[in-house]
Amino acid sequence: MNNIGSYEDKYKTFDWKQAEDLLGYGKDGNFNIGYYCTDRICELGYGDKLGMIWEGFEGNIKKFTYNDLRIHSNTIARFLLDLGLRPRDRICIFMDRIPELYISFVGILKMGGIAQPLFSAFGEESLFTRLDDAKTSAILTTKKHVGKVRKIRQQLPDLTKVIIVDAGDAIPEKDEFHFSLEKAPIVDKFEIFNVDRETPSVLHYTSGTTGKPKGALHVHSSVIAQYITARWVLDIQPDDIFWCNADPGWVTGTSYGIIGPCVNGVTQVVLDAGFGAPKWYSFIQRHKVTNWYSAPTAIRLLMKEGLDLVRKYDLSCLRHLCSVGEPLNAEAVIWSEKAFGKPFLDTYWQTETGAIMISNYPGMKIKPGSMGKPFPGICATVIHPKTYEPIHTPGTVGLIALKPGWPSMMRMYWNNKATYDNKFKNGWYISGDRSSIDSDGYFWFVGRDDDVINTGGHLVGPFEIESALLEHRAVAESAAIGKPDPVNMEVVKAFVALRPGFSPSDDLELEIVNFIRKKLSPLAMPQEIEFVDSLPKTRSGKIMRRLLHAREWGEEVGDISTLEND
Amino acid sequence: MAEDVKKLIIDYVKREYLEEDSPQQITESTKLISSGIVDSFSMVSLKMFLEKKFQIKIPDEKATPEAFDSVNNIINLLNEYVKK
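Heads up: the sequence lines are chains V and D, in that order. So that you can map any letter, position 146 of the first sequence is 146 in this note's numbering, and since no number is skipped, the others follow by simple counting. So that you can map any letter, position 71 of the second sequence is 71 in this note's numbering, and since no number is skipped, the others follow by simple counting.
The following block holds chain V by itself, in its conformation from the complex (with noise of 0.2 Å):
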């Protein structure tokens, strides 16, 4: 029996009120993500239940209670409230995944301050973007990460507190400070910071066609739909074992990694040890995880391994399994079916959208390629992109839009109104994605409206690759667009025009994508350089990425009126 019980049901009478009500949302004045997230869960009684169970590379294992997640997380509030931080300062966690990212996520929330979960991949040039955009105040890292966050450190005057939290039994470095977990006094009884539905709880960067990384500010009654979207698309129920394997330096991973989970008081399991398919599979029958919420990039990556290592282990602890970050394409789903003995259920949300907005449901018929229909609450349509008026003929391409208004909506970009503004057209919310939807009402994922790649379900920002690249002693020109990739759906490829005095060679390639992965992150790096004599550009200079981008994919080019003769 499944939460959701009949979609369409569902659909016809939810409003957000009830979902309030069911997890008692603001009940003797607790509007707290970190309280619902552990303390909550505590007084329910389940203080003893297993919350986390951590994995390592080394197959090494921790597990928390919700008890124990309740004392840690006040101990690491209590720490950074004695540091001298303060609610909404943001607070910045830069670590790969282990249990003091998730710990130290929901401590920040409990202190009030905003937490600024990044990817820990990312190099000192996205590290450095983000962290000045915010203005963050603090950053907690691990001593694998330090490096890069010393070199940018005098840059970024704001960040005043900079925290390891596995420095041992090391000597702090001057204007560093270390906490550990192990030994840090512990903090049984902490006074939660008093927030309201609207104060701001989490910031994630997401990237764009143009200009900078820009930064998705929640608040905290976004939890309302983080908790019953995992309630009713991720199926959690009180006997799962959930996995999500997003990291949180995204926006699934905390939505979904922590504060889902975490709400529904589920016990989840975290694998901190990289891809690996045997790996996964042998995680998935030892702990016998029940809910796994995974990615299309990640499912063919399984799916190139073949059925013959799945047969291998016994997964029949596989209740649901969903997926998110890009399309799911039908040979996946129904290779999942032969895998597992059901589907991945493709989910589609953003960043700025904070929780699941068009989904697939348990009990609903699944149509493989599709990405289902919209969450009860959600009011979605594909709209014309000149006149933003909703398309009513099915199988017509338009632009995803939302109607504002659901608990985890982005209430702003971060230090950035005008771009915010412009998300909005005609009284929708629009997601910059196209789609249609057919006869039956299911949505099918076309394509990005803009130059945006989505590259193993992450987005990145052309302008921010094409900035880097200049940044290179041999690059004059550059342009970064998306080509196709059988695993990733799109991976970076960019086209360089070099200054005088340089040659393209094998060498040049190769030091210039390592140059991009370092300072910004291996999923920015292109994995294919053509050196070119010149790009394709307008007469008023604006490189043409969609010319570029079309004769990769092997499109129509379009109108070229606009292109400068040669």
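Bear in mind the hints are in silico, worked out from the structure with no lab data behind them. Mixed in with the good hints there might be a few duds.
What the hints assert, rightly or not - Computed list of lysine-lysine pairs in DSS-like fashion (alpha-carbon distance at most 30 Å, straight line):
(1) 7/D - 279/V
(2) 342/V - 143/V
(3) 31/D - 63/V
(4) 183/V - 57/D
(5) 151/V - 14/D
(6) 49/V - 342/V
(7) 143/V - 62/D
(8) 57/D - 279/V
(9) 143/V - 31/D
Since the structure of chain V is provided, determine the placement of chain D on it from the hints.
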């Protein structure tokens, strides 16, 4: 395969995937991917290095985390594709 090839790969890994002051030692048997020294995204750049350096093409199905998990494993893979 010659010792100089092992050294070439070890030096590349140290240069590209470790911080300058990292105390991490890399030998031919050090776990690279399964220890997190080279994350699964960065494995792509390691594959590119090998393909360009040795003028080979490693099929995607052979470019697994296991095949890249140590210098010894990488050399076993290279032996399949590099002409003697």
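Hints and how they fare:
no.	hint	verdict
1	7/D - 279/V	29 Å, holds
2	342/V - 143/V	41 Å, violated
3	31/D - 63/V	25 Å, holds
4	183/V - 57/D	51 Å, violated
5	151/V - 14/D	19 Å, holds
6	49/V - 342/V	28 Å, holds
7	143/V - 62/D	33 Å, violated
8	57/D - 279/V	27 Å, holds
9	143/V - 31/D	19 Å, holds
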